[in-house]
Amino acid sequence: MNMLLRTSPLRRVLLTALAALLVLIASQVLDPFRNFQFATIAAYLCATAGLTVLTGLNGQLSLGHGALMASGAYSVALIQDAFGGRRLAAGWILVVTLLGALAVGVAAGAVIGLAAARLQGPHLAGLTLGVAVIVPSLATTFDALFGGEQGLPVQAAQPPLALGATFPYERWQVWLAWTITLPTILLLTNLVHSRLGRDMRAVRDHEVAASLSGIDVARTRVVTFTVSAGCAALGGALLAVLTQVASPGSYPLTLSVFLLMAVVIGGLDSLTGAIWGALLLVALPDLAQSVTGLFSFPPGEAQRWEGNLPTAAFGLMLITVMAVAPTGVSGLQRRVVRAAADRWRARRPNPGAETP
Amino acid sequence: MLLERFVFLTLDGLARGTAYAAFALALVLIWRAARVVNFAQGAMAVACVYVAHSVTAATGSYWAGFGAAVASGLVLGAAVDFCVMRLAAGTASHLNSVIIALGLVLIIQAVLGIAYGNEYLPTPAPFDRTAITVGEFVLLSPFDLFVIGTVAAAVAALAWLFGRTPVGLRMRAGAFAPEVSRLLGVNVGGMLTLGWALAAGLGAIAGMLVVPTELALHPHAMDLVFVASFTAAVIGGLDSPPGVVVGGLAVGLTLSYVSGYLGGDLSPLATLLLLLAVLLVRPEGLITRAKVRRV
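In order, the protein sequence lines correspond to chains A and B. So in my numbering, the last one in the first sequence is 428, and the numbering has no gaps at all. So in my numbering, the last one in the second sequence is 281, and the numbering has no gaps at all.
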């Protein structure tokens, strides 16, 4: 039974169910503002998980995932607008818009991925950086379509009436976001452990060896990029639904860099790192705000510190992580767990095993 | 009328392209020395321009500011190599140096944001920016001439340094065969730091030349310039200084024609499409020596 749990997808399904239970409990306990933040963690988690698969497992660096999130967000706004005249049940519009955003992300990912498959490290980084710098500016270039700096409004997803008229809106946001994110993560975990996942790692570790053993390197890279971009767009779509707006200001170059930083700090080599990363993305600005709250700055100065302190902290943490613990938080966590397990085993020597 | 406009756009594009070329050349310097694309270069250059802004505000002299920018570029480049980039030197992964550079971008932009605020600061140009007209033709402005002259002087100085001086020879040797050079008594680490300093100094000069022609001074002022210059560097295969100069001019001309004939709004998109086109057609560079791909 233990063996079965360890290897089979059953374990992942059980873990996901456990996570769902935790989300359910947390949504009851947290206050509305924390619930909203908890929901945004789910949105960011989609993007960071996709990026972890791309960068950590396939070795392709993308600085453009913020822009891909933006494509998801704008898709939601535009599709909602297209449905605006028709009387369609709100729930269905939500499903259709999210699927639409996913499709747009997948298409964008396929295009960038096709280019990326031919490129080496710094070239790919440069190309995706270009995407991240330029995509937000398109909102003002084509402002008739994308609404310029203000962006486009997105309708809120109201809780269904079946839950009762007084059901807290923020709790519904949490349920909604995690209902999308948890299955996505489950799918990604299965993917990572599948044949395709092994191909991805083989391509990352040694392209020539991978192609010698019959792996289609270019195809693997394009597929990985497509999957990753789809996740990012889904995350962006969720974020747009949660914040009720799709604007260029929400998806600047800094967000793209933040996403990469988050997965690096979280740990590139497993999806656990993506969870830490998403947590960090939401918690750090909050933390910076309370830190600046401790000092009494004049109002203008306080705003400067609030806006820039998280960025500086992110940069510092990133360089520190690269220097001290390149495996990130999840690597540290694994090391701590392993050390604890070793100590536990040492205290209760197993009679069957030889102790060194 | 058509011809006059074309001449104006061409000259304007060439002037812009020279500044891009200088910035791209700084990228190439570091790439040749350390096999790292310095993604923090835009942020570093902006930091130097901010230093110049402060010095100019304090002393009232543009040239004191210019000197301060170059000096702070040299110091910043050396510091970045010495304190930060060495961390990535031990690891084989390309990703690490890129990620560290991005961390640096965040820190620099955040520090600038805290110190100066995220408002746009005006940056006056030292020379008149209205173009000289000869007959029907609108030609370059005095500032454009200053840009071209400065870049030409900087490039000539670098060419002399690398081609004719013992230090330049050591720098090339250190990049070409680090272990053999070390055996022969070259301080390879020191040469690398010097390379970073020179590149950041050149980047600072490019920043001083570009920022007055863009919107204004802002922590993100060089983001787009970085993409354009990266395109120029890729055209030169990241490796060839003459190729980069040609690449910079080509990018400048393209952007000038696009914004002149199709609308200024489209020039960021054009930059991206140009980069995509170059990378799809010849990722190893349009103008570059044939080279063996390392596996």
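Quick caveat, the hints were computed from the structure, so don't treat them as lab data. There may be inaccurate statements among the hints.
Each pair of labels, with its calculated beta carbon distance range [as the list claims (entries may be wrong)]: (1) A:Ala395 / B:Gly171: 47 to 57 Å; (2) A:Leu102 / B:Arg268: 51 to 61 Å; (3) A:Arg190 / B:Ala138: 32 to 42 Å; (4) B:Gly171 / A:His278: 45 to 55 Å; (5) A:Gly372 / B:Pro110: 30 to 40 Å.
Stretches of chain B that chain A covers, calculated by requiring three or more beta carbons in the stretch to come under 8 Å of a beta carbon on chain A [claimed, not checked]: (6) 50 to 64; (7) 177 to 184.
Some chain A residues close to chain B (C-beta under 8 Å, calculated; not the full set) [stated by the list, open to error]: (8) Ile206; (9) Leu210; (10) Leu233; (11) Ala234; (12) Leu235; (13) Asn262; (14) Ile287; (15) Val289; (16) Ala374; (17) Trp377; (18) Phe386; (19) Gly387; (20) Met394.
Positions of the beta carbon are idealized from the N, C-alpha and C atoms, including for glycine.
query: In ascending order, which of the hints set out earlier in this document are inconsistent with the structure?
result: 1, 4, 5, 6, 7, 10, 11, 12, 13, 14, 15, 16
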